[in-house]
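Please model the entire structure based on the sequences and the hints provided.
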Amino acid sequence: MDETTSLNISPYLLRPIRKLEDVLAKREEDQLRKIRPPMTANNRFVLILGGKR
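Residue numbers (the numbering used here): 23 to 75.
By construction, these hints were calculated from the structure, which means they are not laboratory data.
What you are looking at is a predicted structure, and each value in this text was computed from that prediction instead of being measured.
Glycine residues also receive a C-beta, built at the ideal position from the N, C-alpha and C atoms.
Possibly wrong hints are sitting among the right ones.
Distance ranges between label pairs, derived from CB positions [said to hold, decoys possible]:
1. L71 - R37: 41 to 51 Å
2. N64 - P38: 36 to 46 Å
3. L36 - G72: 44 to 54 Å
4. N30 - N64: 46 to 56 Å
5. V45 - G72: 47 to 57 Å
6. Y34 - G72: 47 to 57 Å
7. L46 - L71: 24 to 34 Å
8. I39 - G72: 37 to 47 Å
9. I31 - N64: 39 to 49 Å
10. N64 - R37: 34 to 44 Å
11. L35 - G72: 26 to 36 Å
12. L54 - S32: 47 to 57 Å
13. G72 - D52: 18 to 28 Å
14. L71 - I31: 47 to 57 Å
Take a look at the structure:
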């Protein structure tokens, strides 16, 4: 049994909660990406030159 049947909540009501979880997970990924520079497949750091913000 999943949480919808055990709690007797319609999947329609759970949709915003799942969306919020996705947004929070993506935000956390973005934070980690800012802290840690991107790496290539062979674990070398990628250096981006001339980037504008």
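A quick look at each hint next to the structure:
no., hint, verdict
1, L71 - R37: 41 to 51 Å, "holds, 43 Å"
2, N64 - P38: 36 to 46 Å, "holds, 41 Å"
3, L36 - G72: 44 to 54 Å, "holds, 46 Å"
4, N30 - N64: 46 to 56 Å, "holds, 51 Å"
5, V45 - G72: 47 to 57 Å, "violated, 32 Å"
6, Y34 - G72: 47 to 57 Å, "holds, 48 Å"
7, L46 - L71: 24 to 34 Å, "holds, 33 Å"
8, I39 - G72: 37 to 47 Å, "holds, 42 Å"
9, I31 - N64: 39 to 49 Å, "holds, 47 Å"
10, N64 - R37: 34 to 44 Å, "holds, 41 Å"
11, L35 - G72: 26 to 36 Å, "violated, 49 Å"
12, L54 - S32: 47 to 57 Å, "violated, 34 Å"
13, G72 - D52: 18 to 28 Å, "holds, 22 Å"
14, L71 - I31: 47 to 57 Å, "holds, 51 Å"
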